[in-house]
Amino acid sequence: MRVLTGLVLLVSSAAFTVPALLGMTTLLSAPSLLSAPALFAAFVLVVSSASIAVFAQLAMLALTRRRPVRPDPPAPAGAPLAGHSEPLPPGPAALQRRTLRTVPFLMAALALLPGCASAPAAQAASPAACGPAARDQVRADAALREGRAQPAPRRVSVPLGSQVRLGISADTAADIHVHGYDLRYPVQPGQPACVVFVASRPGLFDVEAHPDILLLQLEVK
Amino acid sequence: MPLAHGVGGSADLPLPLDLVLQAGAATVVLSFLIAAAVWTRPRLAGHPQRPVRTAGKLPGLRMLVLVASLYLVADALAGPRSAANPAAHALFVWLWVGLVPLSALCGPVWRAVNPLRTVFRLLRLPRAGLRPGPGAGVWPGVLWLLAFVWFELVAPHRTDPVVVGCALLGYAAAQLAMAVLRGEEWFARGDCFEVYSELAGRLSPLRRRTPLSGLAAPFPAAYRGAAGPAAFVAVWWGSTVFDSASGSPAWAGFVQRTGHPALSATVALTLVCAGVFLAVRKAARGLDVTASLIPVAAGYTLAHYLSLLVVEGPRGLLLVIQQWGLAPGAAWAVVPLPPVIAGAQVTLILLGHVLGVIVAHDAALAAGARVTAGAPGPAARPMLATLADELPLVLFMIGCTWTGLLLLFVR
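Protein chains in written order, with the UniProt record's numbering: chain W, 1 to 221; chain Z, 1 to 411.
To be clear, the hints were calculated from the coordinates, so they are not data collected in a lab. C-beta atoms are modelled at their ideal positions from N, C-alpha and C, and glycine is treated no differently. Any given hint could be a false lead.
Simulated restraints on C-beta separations [as the list claims (entries may be wrong)]:
no. : chain 1 : residue 1 : chain 2 : residue 2 : range
1   : W       : P151      : Z       : F151      : 27 to 35 Å
2   : Z       : V162      : W       : P151      : 36 to 44 Å
3   : W       : V196      : Z       : D18       : 28 to 36 Å
4   : Z       : D18       : W       : V198      : 24 to 32 Å
5   : W       : P151      : Z       : V334      : 30 to 38 Å
Produce the complete structure using the sequences and hints provided.
Structure representation (structure tokens):
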């Protein structure tokens with residue numbers, strides 16, 4: 001039970017790295033540090049890293065603290081917060097435990113480090129199916145190879161109202177369906193199909209090869 | 001024309017990041033404020049419950065629901081086998097999604113209008129059952145719910161009207177047979193929609209004078225213990241979580257790499273539900289998380305299916321009307337504004353979280369009061385001890401809320 005609590009706490013503290021990292025990246029990409037988004041990102045960063053530290057510390061306590069030998073008080077001891085209610089045994093164990101307490105803070109600091117050095121993800125090479133895109137067009141290409149999408153299914157961000165140039169190639173005959181816009185058209189092997197349409201509806205729309213092989217998602221906003 | 005997507009999926013944009021972060025921070029702050037500062041004595045437990053009426057003024061409504069169900073099943077089996085058939089809308093949108101807001105508002109409505117109960121009474125089947133007994137409590141309902149969410153989220157051809165009709169007929173036959181065996185009260189624990197409605201109906205502000213006291217009320221004795229309801233809520237919440245996660249490109253890529261979509265989806269769905277169940281049972285020693293997870297699950301379900309309900313619910317009604325040859329050109333083409341949907345989603349999740357924390361905290365306080373009931377003096381357990389007790393619980397709920405928010409963000 002104690003181990004489980006500790007693990008849940010650990011996972012929670014790990015989950016807090018996500019907002020911490022996001023806050024960090026927002027902070028790093030903000031044009032001015034005194035703008036509202038930057039200040040908010042800083043706030044999120046502080047809150048989440050503090051939470052990481054607290055949660056991880058509680059997890060450490062839950063995982064390392066032993067049950068008291070004589071549980072004479074019937075009050076439910078053993079909650080992870082109640083560390084102050086029982087004196088720690090003196091000696092090297094206490095010292096070790098005290099050093100253990102600093103571990104979470106170090107971990108939190110380590111978890112925050114990658115945010116400082118995050119590089120933009122490498123762009124996947126997309127198969128050319130559709131020719132060059134015009135200036136205001138958003139180009140999205142995908143290929144269907146042996147029943148799977150190539151590159152792996154991903155999300156393409158499209159500004160609302162812009163033209164989308166969607167090129168699909170396939171190694172078998174397939175029906176392509178753009179949800180939301182209800183475009184359906186066939187693709188033959190060796191003959192990439194190219195569709196140009198205006199993204200006039202906001203939303204997240206699947207582009208599928210029927211029955212249900214997701215090729216990509218269009219995020220129109 | 002291939003018949004897939006009888007019910008259009010929701011096309012909501014993922015939640016914007018700033019909203020997620022604000023809401024995440026708010027959950028932490030609200031939880032601890034409520035738990036530590038605002039709510040200092042138990043207020044919810046011990047309020048009387050009104051029994052659900054299963055007869056009385058409702059026969060008209062019961063008949064209406066029965067006729068509608070019979071019509072829809074017959075239409076599913078004999079009607080057009082295309083996207084113009086409202087069967088999938090009726091099952092997946094009206095019943096499955098619509099039951100949550102309706103129950104959360106009006107109480108356990110499905111118990112009052114369940115067409116299977118009506119059939120059972122009309123056929124004059126033995127009300128006490130041939131072999132009455134408590135059986136396995138609410139566990140059959142849990143398994144039926146798991147089967148249903150598998151059908152809804154994983155089963156191939158699940159939007160084919162004939163498949164929907166056959167599934168409904170099979171479900172009705174199995175339920176009626178079990179009810180003949182166990183008596184009419186089987187429906188209260190074996191019919192997953194009735195249990196679903198009963199649990200969501202505990203949120204109802206109309207049925208109880210003290211808001212939220214329904215969540216602190218003990219579960220019906222027929223459920224036999226707390227593990228059954230916990231498993232039910234776990235399947236309910238876990239299936240919605242799975243539905244969110246399986247809409248992501250990452251999941252689609254994983255499934256395409258492994259190559260067995262139905263198998264991997266089945267395994268993942270079961271694992272998610274089992275994981276939630278273990279977390280519910282083990283997160284808080286001694287304290288029962290089930291009641292406090294109900295508002296979280298309801299809020300998350302509503303947030304996840306909000307646009308589906310708004311867009312596809314009326315569209316199903318329109319399909320029914322158009323089958324009769326009326327309103328041939330009409331179309332329900334409402335497109336919800338993304339910011340409104342996002343705001344509503346965050347509000348619902350946060351609301352569920354706050355209610356859940358309040359209920360959990362109240363239960364912890366009440367348990368503390370019970371422990372020290374024999375002790376002299378008005379002072380109950382020290383506040384800090386209670387807080388320490390419920391800390392894992394609150395952390396678990398924060399985790400649930402974060403999970404929900406992040407899932408709606410990556411979706």
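We went through each hint and held it up to the structure:
no. : hint                        : in the structure
1   : W:P151 / Z:F151: 27 to 35 Å : holds, 33 Å
2   : Z:V162 / W:P151: 36 to 44 Å : holds, 37 Å
3   : W:V196 / Z:D18: 28 to 36 Å  : holds, 33 Å
4   : Z:D18 / W:V198: 24 to 32 Å  : holds, 28 Å
5   : W:P151 / Z:V334: 30 to 38 Å : holds, 35 Å
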